[in-house]
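Chain residues, written in single-letter form:
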Amino acid sequence: MREFLLLDLPMVASALLALIACGTLGNWLVLRKESMTGDAVAHAVLPGLVAGFLVAGRHSIAAMFTGAAVAGVAAILLAGWIRRSTRLDPGAALGIVFTSFFALGVALLETQGARQIDLDPNCVLFGALETLFYVPPASGSWFEGVPREFWTLAAAAGIAVAFSLAAFKELTALAFDAEHARVSGIAPRWLEPALLCTVSMVVVASFEAVGSLLVVALLACPSLIAAPHASRIGTRFAISLGAGTAITVAGHLIAAYAPRALGTQAALNTAGMIATLLAAAVPASFALRALLNRRRA
Amino acid sequence: MGGNARMSQGPTDALPAANTMLVLSGCALFGAVAGAVGSFVLARRRALLADVAAHASLPGVCLAFLAGEALGVGGRTAWLLLAGGAATALLATWCVPQLARLRGVGPDGALAVSLSFFFGLGAVLLSAIQSHDSAAQGGLNHLLFGSAAATTRSDLVMLAVLAAAAIAVVALLFKEFAAIAFDEAHARVLGLPVRTMDIALLALLVSTVVAGMQVAGIVLVVSMIIAPAATARLLRGSMPRVVCTAALLGAGSAIAGVLLSLRYESLPTGSAMTLCAGAAFLAALPLAPLLVPRAGAPAGGATP
Amino acid sequence: MSGAHADIALALAGFRAGYSAAEIKVHDVDLRLARGSLTALIGPNGAGKSTLLKGVLGLTPVHTPERVRILGQPLDAVRVRVAYLPQRSEIDWDFPLRAVDVVAMGLYARIGLFRRVGRDARTRAARALDLVGLADAAHTPIGALSGGQRQRVLVARALAQEADLLLLDEPFANVDAQSERTIAEALQRLRAAGATILAVHHDLASVRAHFDDAVVLHGTVRAHGRAGDVLAESAVARVFGFAGADGRAWAGTRA
Chain A
1 MREFLLLDLP MVASALLALI ACGTLGNWLV LRKESMTGDA VAHAVLPGLV AGFLVAGRHS
61 IAAMFTGAAV AGVAAILLAG WIRRSTRLDP GAALGIVFTS FFALGVALLE TQGARQIDLD
121 PNCVLFGALE TLFYVPPASG SWFEGVPREF WTLAAAAGIA VAFSLAAFKE LTALAFDAEH
181 ARVSGIAPRW LEPALLCTVS MVVVASFEAV GSLLVVALLA CPSLIAAPHA SRIGTRFAIS
241 LGAGTAITVA GHLIAAYAPR ALGTQAALNT AGMIATLLAA AVPASFALRA LLNRRRA
Chain B
1 MGGNARMSQG PTDALPAANT MLVLSGCALF GAVAGAVGSF VLARRRALLA DVAAHASLPG
61 VCLAFLAGEA LGVGGRTAWL LLAGGAATAL LATWCVPQLA RLRGVGPDGA LAVSLSFFFG
121 LGAVLLSAIQ SHDSAAQGGL NHLLFGSAAA TTRSDLVMLA VLAAAAIAVV ALLFKEFAAI
181 AFDEAHARVL GLPVRTMDIA LLALLVSTVV AGMQVAGIVL VVSMIIAPAA TARLLRGSMP
241 RVVCTAALLG AGSAIAGVLL SLRYESLPTG SAMTLCAGAA FLAALPLAPL LVPRAGAPAG
301 GATP
Chain C
1 MSGAHADIAL ALAGFRAGYS AAEIKVHDVD LRLARGSLTA LIGPNGAGKS TLLKGVLGLT
61 PVHTPERVRI LGQPLDAVRV RVAYLPQRSE IDWDFPLRAV DVVAMGLYAR IGLFRRVGRD
121 ARTRAARALD LVGLADAAHT PIGALSGGQR QRVLVARALA QEADLLLLDE PFANVDAQSE
181 RTIAEALQRL RAAGATILAV HHDLASVRAH FDDAVVLHGT VRAHGRAGDV LAESAVARVF
241 GFAGADGRAW AGTRA
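Chains as they are written, first to last, in the numbering used here: chain A, 1 to 297; chain B, 1 to 304; chain C, 1 to 255.
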């Protein structure tokens with residue numbers, strides 16, 4: 001029981017917070033047919049994130065977010081400028097900007113990171129959920145033992161949910177028919193940039209704990225799992241978060257306990273396990289729907 | 001470290017590469033192929049698919065490693081890893097259009113799901129291998145971000161073989177690729193086998209990805225496919241010219257990247273190559289025919 | 001330019017719109033639509049009809065907003081009072097919404113930012129659906145609707161807005177006969193309530209049946225007046241390329 005509270009609970013809770021943060025905003029992205037935006041954002045913000053840490057130390061969240069914001073904005077502006085002033089098609093412009101930024105981030109990380117800021121590229125990709133356990137503090141109140149990433153994720157999840165609820169109908173209209181939303185004045189001009197900013201914030205917040213792989217999976221898969229079963233937006237959100245929760249818990253349990261049960265010493269990457277299960281659940285969900293439809297007919 | 005590449009000893013057939021020149025030639029060849037293939041990938045708007053394919057090679061590489069260990073040939077066998085990587089990469093590219101057909105998923109969703117599944121599976125397998133056998137894991141870790149210094153001779157042989165085959169295919173099918181990239185509908189009308197050509201391009205893409213796995217790394221190899229090609233497109237010209245420029249730029253970036261990463265030990269080769277390719281793009285920007293004609297000159301009348 | 005006449009719903013003076021400096025589709029457009037008029041916008045392929053509507057709404061890269069007055073004011077001041085029905089929308093009909101949800105979107109601007117969709121809005125939406133004969137299908141997912149029904153849902157969305165000016169791009173395109181009838185009736189009802197309608201229309205044969213007035217557009221305005229008069233004029237024949245244009249459809253005309 002103690003092991004559960006110290007090890008499992010913080011890990012699962014962090015993963016679930018990431019699910020809430022990414023899964024909520026991810027619904028909007030998927031409905032807008034922008035499922036790969038998370039991937040792009042993760043690529044673009046890395047150098048800024050690393051630079052922030054290098055400047056202000058590993059534990060400065062402010063520096064991390066500021067750096068990431070600067071990098072993200074720079075990437076978008078650069079890609080836009082390239083697109084406008086040359087005849088390169090948007091895919092190519094985005095591709096070269098994002099891969100270059102990511103390469104810069106990896107370069108900074110590998111050459112400076114290990115020494116100074118204790119963040120390695122594998123962690124950036126695959127997360128560090130396994131390290132998010134509770135460390136009972138020697139002195140002070142209990143919540144000082146909670147890993148820092150947990151609080152960052154909690155704040156991100158809160159912001160994501162609040163934003164989605166507040167601008168719910170505007171975001172729905174924008175996702176459904178962007179032209180109509182703009183023309184009839186439903187969606188203010190700042191709404192799309194606000195959505196992109198909130199997504200970026202959530203990606204940055206989730207980077208440390210969960211890694212870019214699981215961030216992409218959490219942004220796209222829960223919503224897609226819900227797609228064949230939901231004929232209303234509210235239902236879609238509910239199913240995506242519900243299914244996502246079940247799969248996240250299952251993924252953690254399998255990654256943590258399956259090797260032991262099978263008698264090996266292997267330590268499996270939790271983020272990867274959850275991502276794989278989430279992705280596999282998408283075609284499974286559609287198959288389930290087809291099965292249910294046939295039963296009904 | 002100096003200018004000499006330190007070659008690691010791999011199992012059985014992996015002999016230390018002769019010298020830096022060999023590594024540079026191999027990487028230049030890879031860069032050239034990546035640039036050439038990348039021109040068509042860009043033209044067909046398959047950059048994201050290339051990204052997914054590259055990431056999807058990880059689980060195949062891990063499985064091949066495990067198979068190699070189990071069969072006693074040694075996990076770090078070049079051709080085995082390449083074959084494994086190619087298999088899952090191809091599988092992933094097959095999955096994408098299938099998933100895209102599901103209602104509400106679409107091409108973007110299909111890419112995200114495919115990426116999550118295959119790269120996630122790769123993460124799990126990699127972690128299993130790394131926690132088990134720390135002797136072999138270093139070799140596999142290099143595959144993520146690339147390391148010219150860790151290339152073995154057999155790696156280079158495989159790379160050269162694949163690259164040569166790829167260049168041959170590109171040369172053979174050039175006019176078909178170019179026609180389809182330029183105007184797919186017209187190509188279909190002409191009776192060109194568009195589907196077959198697309199499959200051929202995907203096969204070329206996957207070959208390029210696995211060829212470059214060792215030097216550029218799984219995560220960054222796609223940028224060697226995209227960046228030199230993007231720069232070549234910037235400079236415009238006919239398709240043959242774009243492809244040749246991309247090949248040259250790719251080779252140049254690869255060579256520069258390898259040299260940098262040999263000089264700075266901790267800099268992964270993949271990063272170095274990409275940054276060089278990116279720098280080439282920036283350098284080419286002022287040279288390119290810049291700026292679309294400004295709005296302001298009214299056209300005489302409406303186009304009927 | 002003065003645009004203070006409240007009885008002119010839409011005033012364009014020297015208006016221009018296009019997709020780039022090299023692609024100006026409509027130019028020197030002078031047009032004044034009286035309030036309560038029901039006008040068809042006709043012209044051959046590529047004449048710029050859709051571009052005109054989009055340009056007025058600011059949806060084209062090149063447009064001249066200072067040359068547009070809607071109810072005497074610039075567009076941005078009266079957006080809530082203008083409704084738009086696009087010709088081909090990027091809508092994904094698998095979107096998880098019911099018909100009534102889509103129609104309610106016509107009211108979102110009126111409801112205001114951050115506020116809930118209340119019962120009043122839902123009632124209005126239901127009423128708009130009734131006007132197009134889809135009262136029974138209100139709670140049907142849009143994925144399950146036919147093409148004609150989907151078009152009617154979009155028309156209902158424009159109706160729900162209770163706009164003073166409606167700009168419709170081919171409201172009758174690809175609809176079955178029943179849908180065509182109900183849409184026509186809805187437009188008549190709107191006009192009776194004082195709204196102004198300008199609709200791109202491709203079928204010359206039905207212009208006089210559905211509309212009172214017509215504007216012939218081919219790069220610029222070639223004719224504007226009562227539908228019957230405009231169609232009989234030789235100007236139309238010249239523009240459409242055949243003699244005796246009275247009411248015969250020009251097959252295949254798309255905006």
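Hints were generated in silico from the structure; no laboratory data involved. Virtual Cβ for every residue (Gly too), placed ideally from N, Cα, C. Check the hints yourself; a few may be wrong.
What the hints assert, rightly or not - Looking from chain A toward chain C, a few residues come up when the C-beta cut is under 7 Å (computed): (1) Leu-165; (2) Lys-169; (3) Ala-230; (4) Arg-232.
Which hint numbers doesn't this structure obey? 1
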